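K.L.:
Sequence:
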Amino acid sequence: MGFLGRLAELPKLVGAAAGRGGGGAWRRPGQPCATSPLPGWAAAARCLPPGGRAASSWALGEYEKVFRSSVAEPERLWGAAAEQIQWYKPWARALDWGRSGSASWFVGGELNICYNAVDRHVENGRGDQIAIIYDSPVTNTKEKITYKELLEQFNNFFVVG
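Take the sequence shown: its letters are residues 1 to 161, numbered as in full-length UniProt numbering.
Please note that the accuracy of each hint is not assured.
Derived DEER-like restraints, expressed as beta-carbon distance ranges [claimed, not checked]:
| id | residue 1 | residue 2 | range |
| --- | --- | --- | --- |
| 1 | 68 | 123 | 32 to 40 Å |
| 2 | 78 | 100 | 14 to 22 Å |
| 3 | 148 | 100 | 42 to 50 Å |
Within a straight-line C-alpha distance of at most 20 Å, the following computed DMTMM-like cross-link-like pairs (lysine to aspartate or glutamate) qualify [to be verified]:
| id | residue 1 | residue 2 |
| --- | --- | --- |
| 4 | 65 | 75 |
| 5 | 148 | 128 |
| 6 | 142 | 128 |
| 7 | 148 | 123 |
| 8 | 89 | 110 |
| 9 | 144 | 128 |
| 10 | 89 | 75 |
Derived from the structure by calculation, the hints contain no laboratory data.
Keep in mind it's a predicted model, so treat the numbers as computed, not measured.
C-beta atoms are modelled at their ideal positions from N, C-alpha and C, and glycine is treated no differently.
With these hints in hand, go ahead and build the complete structure from the sequences.
P.N.:
Dropping the structure here:
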């Protein structure tokens with residue numbers, strides 16, 4: 001089973017793990033990736049920053065600069081970063097602190113992460129660039145998938161039966 005085959009099993013696995021049973025595709029026939037609603041569990045999932053080593057001391061210094069800015073002026077930094085992606089409905093505030101200390105990001109804004117992660121790259125002429133590199137030393141499997149291939153496979157995979 002290839003990478004996208006394993007990816008297709010994820011909703012069933014997550015649904016079963018959450019006690020909701022398996023199944024339930026994310027898409028409707030003929031529905032492009034950008035218009036697919038995310039299931040509730042995915043919309044509520046926490047986003048964690050990517051890990052990894054800095055390629056150079058310059059990169060580490062740049063990281064520290066951005067980190068300091070994210071602490072000192074989170075609304076400005078993340079607001080500017082969020083303007084680099086497509087929003088269907090703009091947010092009213094980049095960050096809103098609740099009374100209990102909880103944070104709400106991009107209040108009132110609506111976007112589709114699938115569009116931002118896949119569709120727009122194809123639309124902007126980058127469909128032939130590599131979107132995913134899957135390299136498993138456990139199974140000795142290596143796959144490279146372009147944005148165009150990924151969009152086509154999404155359109156084929158996430159169809160309600």
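K.L.:
Hint by hint, say whether it matches the structure.
P.N.:
For each hint, the structure was consulted:
1. 68 <-> 123: 32 to 40 Å: 35 Å, holds
2. 78 <-> 100: 14 to 22 Å: 21 Å, holds
3. 148 <-> 100: 42 to 50 Å: The hinted range 42 to 50 Å holds for residue 148 and residue 100, with Cβ atoms some 45 Å apart.
4. 65 <-> 75: This hinted pair holds, its Cα atoms lying about 16 Å apart.
5. 148 <-> 128: Within the cut-off at roughly 6 Å; holds.
6. 142 <-> 128: Within the cut-off at roughly 18 Å; holds.
7. 148 <-> 123: Cα-Cα ~9 Å, so holds.
8. 89 <-> 110: 5 Å, holds
9. 144 <-> 128: Judged against 20 Å, a Cα distance of about 11 Å means the pair holds.
10. 89 <-> 75: 18 Å, holds
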